[in-house]
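Residue numbers (my numbering), protein chains in the order written: chain L, 1 to 220; chain D, 1 to 150; chain X, 1 to 369.
What the hints contain is simulated information worked out from the structure, not anything from laboratory work.
Computed from a prediction, not measured in an experiment: that's the story for all the values here.
Don't take every hint at face value.
Partner residues aside, some chain X positions facing chain D, computed with beta carbon under 10 angstroms [what the hints assert, rightly or not]:
#, residue
1, Glu12
2, Ala202
3, Thr287
Now the stretches of chain X that chain L is said to cover, found in silico as 3 or more residues with beta-carbon under 8 angstroms [what the hints assert, rightly or not]:
#, region
4, 107-121
5, 184-196
6, 244-257
7, 308-314
8, 353-364
Using N, Cα and C, we set each Cβ at its ideal position, and we do this for glycine too.
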Amino acid sequence: MDPLLSFVRGQMLEVAIAVFCFGVLWRLVGVTLLRHVRSLSPARYGRVRAVVEGSFVAGTRSWPHKAFIRRTGYGEALGYGYHLALFIVILLFAPHITFLKSLIGLSWPALPSSLINIIAVLTLALLIAVLVRRISKPVTRMLSNFDDYFSWLLVTATVVTGLMATAHLGAPYHQLLAWHILSVDALLIWFPFGKLMHAFYIFPSRVINGYTLARKGGAA
Amino acid sequence: MNLSEIPIRVEPNLAEEGLGGGVKALLHEVLTMLERLVSTGTEGAVDLRSLPMTPDDWQGLYAALGEGGVDAVFESNGRSRVRETAVPGVWWIEHRDADDNVVASFLEVTTVPPLLTTDLVDVRAGIPRLRAMLTQAGAQAPFHGGQYDG
Amino acid sequence: MADSDSTQTVGEALRAQGISRRDFLKFCTVTASLMAMPPLAGRAMAKQLASMKRSSVIYVSFQECTGCLESLTRSFSPTVENLIFNVISLDYDDTLMAAAGEAAENAREAAMQKNWGKYVLIVDGAVPTGDGGVYHTAAGKSAEQILAHVAKGAAAVVSIGTCASFGGLPIAAPNPTGAVPVSDLVTDKPVVNISGCPPIPAVVTGTLVHYYTQGRLPDLDSYGRPLAFYGNNIHDRCYRRPFYDKGQFAKTFDDEGARNGWCLWELGCKGPVTYNACATLKWNQGTSFPIQSGHPCLGCAEPGFWDGGSFYAPLATGKWGRAGETRPRDMAFVAGAPAGIGAVVGVGAAGWARMRRKHLEDKPREEED
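Let the sequences and hints guide you as you build the complete structure.
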């Protein structure tokens, strides 16, 4: 057993999962318990209706309004594209399902590995397109910081090493597998400390926004 | 379930006139070796086990080369077979081990494969034995036990 | 065991045992084919080996189970591999030789002296170095001392088996005897590692024959193993690969998938990370190999395979956990506890943030400029 492979699926993976769980709970609980600014005007709708209306709005606001599609549609499509493709690859590839089963005890049917390969290549293409867009547009370039680029790097490294491992390309398989698992470990460790936390924040955040607006009567 | 019952489907070669692409390339190589044998006397050989051959390829090769007149078999830790194919100078050599598994398979392009010749060392070793047999039988007594005796 | 007669060539020794040149030519042809040498190499090999004097080989054993020697010598019918014992003169092997005690040691010294600089040293078993090397002693010397002594006049060293090549079982955690591989101790001679638990006999034979005909060891990989046999991993040569590619896996040892001969990856097969010739050469003259018999590959030709996690944990899983493989119940410690601590820290962080906010709000207005 290659020493690196042994390490990355051994101690390092343990540490990565522990740091991930610690970090995510720390930030989620920490943010949730922050003081909310109380709204001083009377509520327009009851709480339950506000939650429902708010969630609905959160959904409809997840795609640009007609007026803005021409300017932002491409970026939105790219983003949704690589997210969807990435989730398919992560959740519906047989070896990944085996890994998750060892952690949570549940498993589900996989997609054919050849199809996953194609989707993974698509994911990589979309990730590169997203980076090109971020760098070429002056506004996004100005707004981007280390967090953005580093998060992108770790995700892309995971996809690239995964593709190389499946193709047995460039190095002996056990080395490629080790680098892939190392990328995953690094991603898990970095996850709670940067913008990747949007994965946990985004849905509560949008629903809360929608709820707040609905209470004020602003939901439409 | 034994190995041969496991349902792995082997994709057949897309072949023109029944010859797979791999077999065709191999036969071209053999042709070159035959021409070289005639012009310079240089022998050639192909290790068939080093090539990726499907069962269809083996069949195709066997059908293409055919069988010639010489078919020799000898036992040495398993059976070995030296056969001239229908193409003169192309010999098919197959070595098996004591459990009858094929351990090596060659095509040799030569006038006669060394496996069919007898090394002088072995000849020298056999002479005393024959001499002893003759001495035992006596000079006058007729010699029995020849291969073609009735 | 045959004596080493310094005047007899290999060919003469063969002839004396009734083995003809034709038999020997077959052996060399088959061996050359196994080693992926050029198709006419067998002839040159036969000619060269037949005319050389039988080479002296000294075989020493340390922390081993004798499985490697059994693999090499035990067979129910004479095999091609056994012919190697006509090419070499096995001048010392404490398991096989009839002599014992001082007589055996003297025979070894005599063979070493007579063939100084030319004999091949074969070693099986790991070498314990802990506590002064006391965990393996013979004739009053530790294994370390014996190895250092016997290796002095060797032309090349062959480590047979994973124990000699990489430490094998003795080096597995916690390595109580301080076991090390042979290559850690012999650094001034060419060393080839023929790993495997045990190694395939034809691999040993082929490597020795290559050494004698070419005058050097064959091309080696980064672990010192002959590339001709260890260049491909089991996964790439496995006959069950089509099932892996289609995603058809056996989930238990007796389910329908197992009965249909499906891929054993989910049962812990280490084929993808193991390099050996098992899938092509197989064992017992090509009869079978673990996967064909329905058991996942253990990875026995690789360093540290005993410490690589459970033999039955798939490669895609972690190798931590109390069972040597990750299971959901291990998540209580690795995920649950850190999550709990994280939640507590989160409460603390929120509390601190609230306190700070209140402090800022309570400050008199004038001081906020």
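- Ascending list of hint numbers which this structure does not respect: 4 and 5
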